[in-house]
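J.: One letter stands for each residue in the lines below.
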Amino acid sequence: MSAVGPDPAKLYHQKIPATWWLTNRSYFLFMLRELSSVFIALFLVVYLCQLYQLSKAPDAYNAFTQKLNSPGWIFFHLVALLFALYHSFTWFQSSAVVLPLRIGERLISRPIVTALHVGAWAVVSVIVLILFLALKS
Amino acid sequence: MRDFDSLDLHAKDTIFGADFLADQDAVEAFVQEAPGELIQLEHWGCPWSRDPDGRVSVRSFGGMSVDRTLFAADKTGFHLLHSLFQTSLKYESIVRYDECFLTSLLVDDGKVRGVTSINLYTGKVEVIAGKSVILCTGGGGRIFPFTTNAAINTGDGMAAAYRAGVPLKDMEFVQYHPTGLPGTGILITEASRGEGGWLKNKDGYRYLQDYGLGPPTDTPTHRKMELGPRDILSRCHMQEFAKGRTFDGPYGHYVHLDLRHLGEEVIDKKLPFVRELASKYVGIDPVYEPIPVRPVVHYMMGGVSTDINAKTNLEGLFAAGETACVSLNGANRLGSNSLTELLVFGNRAGRSAATYASTASPPAAAKIEALATDEQRRLDRQFLKKDGGKEKIATIRQEMQKTMEEGAGIYRDEQSMQKTCNTLRALRERFKNIIIEDRDSTFNTEVMNALELDYMLDVAETVANSALRRKESRGSHTRTDFPKRDDANFLKHTLAYRTPDGPRIEYLPVTITRWQPEERKY
Amino acid sequence: MAEPTITLNVTRYRPEKDRAPTTQTYVVPYRQDWVVLDALNHIKDQMDGTLSYRWSCRMGVCGSCGMMVNGTPKLTCAAFLRDYYPQEIRVEPLVNFPIIRDLVIDMTDFMEKLKSVKPWIIRKEEKPVSEGEYLQTPAELEAFHQFTQCINCMLCYAACPVYGLEPKFLGPAAIALGYRYNMDSRDQGKDQREIIGNHDGIWDCTFVGECSVVCPKHVDPAAAIQRSKVDVTKNWFQSILLPWGQR
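If you read the sequences in order, they're chains D, H and Y. Using my numbering, read the first sequence as starting at 1 and increasing by one per residue. Using my numbering, read the second sequence as starting at 1001 and increasing by one per residue. Using my numbering, read the third sequence as starting at 2001 and increasing by one per residue.
In case anyone wonders, no lab produced these hints; they're calculated from the structure. Heads up, some of the hints might be wrong.
If we take Cβ atoms under 10 Å as the criterion, some of the chain H residues that face chain D in the derived model are [what the hints assert, rightly or not]:
(1) Leu1089
(2) Glu1092
(3) Val1095
(4) Arg1096
(5) Asp1098
(6) Cys1100
(7) Asn1119
(8) Leu1120
(9) Val1127
(10) Ile1128
(11) Cys1136
(12) Thr1442
Computed cross-link-like contacts, BS3-like style, restricted to lysine-lysine with a CA-CA straight-line distance of at most 25 Å [claimed, not checked]:
(13) H:Lys1090 / Y:Lys2127
(14) Y:Lys2168 / D:Lys10
(15) D:Lys10 / H:Lys1124
(16) H:Lys1090 / Y:Lys2234
(17) Y:Lys2168 / D:Lys15
(18) H:Lys1402 / H:Lys1419
(19) H:Lys1090 / Y:Lys2017
Simulated coverage check for chain Y against chain H, where a stretch passes if three residues somewhere in it have a Cβ under 8 Å from a Cβ of chain H [unchecked claim]:
(20) 2008 to 2020
(21) 2036 to 2049
(22) 2059 to 2069
(23) 2116 to 2122
(24) 2202 to 2211
Glycine included, every Cβ here is placed at the ideal spot set by N, Cα and C.
One chain only, chain D, in its complex shape (with noise of 0.2 Å):
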């Protein structure tokens, strides 16, 4: 290695600044991304306790439900869903990164990847859709 180098009180320490996940617009994305993990922690939270109460008295259950009903918790649900959504999306962006995959010698290309993954989910989420239908019915 090297012998020498720079001496170390004359070096000014640059800092980063706590906004610095606004500085560029791939850094907020990414935040965002992250922040969705809390939203689905506590969207399971709600959902845990939602089988907590369907464990008891189905009076019980109701009234919980019944609460669930309100604006808030519609808007909180909503909220959950889109980020779930954008969490599951840029899963699905980082597993094209992972997995390389090839037809023959080609590459094929990362945002098809995506895509197929993408595919993959929506009949995944349209047969679970059609079970539920049924179930119900």
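Following the hints, put chains H and Y in place on chain D, whose structure we already have.
T.: Below, chains H and Y alone, put in the same frame as chain D:
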């Protein structure tokens, strides 16, 4: 090395390409050791391009009779550098002194004792003592205005050796690479011609066929047309210019390097960097348009005079690579021989230096101290504590570059060379009056630039004076007043020794072993 | 008609006199084919010899001239004035590194990190040179080739907020270099590059991805890191479930 190749063939191509000024014992040693060194680099991780069977690929290159040039896409030098550097990190015993700028060789009692350098971080002059010193500081292309060379190629090691009494050999031989981008001088690698690129003048004509390099073929033919040697191709360009058949642009004359017929797939696979450079720096996509190119200074065949073991006439001092002149490349170098030269002679220099160091006695500390104090005084006086002055560093540098282009370019004659020698002497005087504005010690690049200019003026003088004395044309040294090669009088190397009034020129015979000089026709 | 000009606002820091960096404004000629580096060279040559910065090849292959140009890490030899003109251009030293002087930053940490991933061919048994090259098919070369393109310009470290906030992070270029050797079919030293799988290696990375965006050579260090995560995890499971497979 492939079955269709042989050591003798490589040697012959090199000697022929050098216009018979290469020392043939050096060439023979070189071709012998070259294949092993290239494989050594492969073992050290160099990502050579490969054939389907897994063996390293070879391709055509200028002046070579057969396909023998190994390559790592179109960035072989880059990959060799990184492979070598990364492998060197393995060895704790290798200590680097990053960003310490060489200011002089320490010489005592006829032996080299180490170097003095300015530690750029602190601005202090420091001694790095050593029983052996190897100079491998590259070439000095920056003495010219248009060059492929990076900013750091200012001939530092050459000048340092010159000042220590070591002669610089064959300095007049400066290679112009035929395909650099106009303006920036950025290199468009010879590989583009190896893969089949064509050079066309403003009429879309492959003009090289008019100069004895034909007949033109659709695919490259060894040593013909665009695969001719660099000095000849550069001269052809200049002759086309004289005939008014080159394009004219904001940076002067240029011709076209046409790669369109190679197709996008070949270009992306074999010449991706070329595509990137052309697109970025001249806005041309070579898949669809030809690239504007012109000859630019690329390589110095000359350098610190060494023998075939990289030894100089100063005990303990060795040199290798472009800094040195063994001479492997004589009056003109073939493409791809330089990188290989680094490996072969780098190895030889290392071994010679280690052998010498193991038997040499360590330098006396007191003597070193005294030399270092002298050097500190010199640097303080001339650079670090210099007051006043009226010349900008850039002004002197630009005037030096201008006069080098005028007098020591592709075509030379007595009058313009003499004028250049005189101008350089005058610039030497004017250099004493440079302004150094930056007085800070931390990372003072202005002092560094001044030191580099100081070195460049020395190197430039050896080039111009050596050129003036060689009254013949050979390889890349072409004179309109002496257009023929003169083996009777000039089958010898030029040696430039430093005196306070400029270089003193002497001569050294060329070592001929098995290849008698013949006419150099392609 | 007056010659067109463009304004550069350049960071200055002279440790012998300055406590902190300041900004100095220079008005330079505007040329259509000039890059920011050309403007800096003009300043140094003609206007202010005291400005310090690193540069060398001016063709995007040496990695010396990395700086922040209008807040984005760029090679100044590849940042064309025409992409900013007529707006002013801010030229600052790379962020996330200590400043030595003006636009020159301290690379010590970066160099140490490069070395720490053991970026050389490690083999259980070496073959003598006389036996020729290690065979490697074009496909095997392709597997790691893009990761050999790194020019050590450090733009990725300037772009990485994790490195900015956690200086112990190995960083994109170092991990990509380690990955390059792990993926080289001639190398057998993956188990010696455990630093990559350590806490301050790949696991500090949160895949912001900005490193790959700014990389001038399209090395895509973010991909190298994420793929290393998969690789390291896979190896971990294998070592747990099939310990005998290690021999």
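J.: Just pull the numbers of the violated hints for me, sorted ascending.
T.: 9, 11, 16, 19, 24
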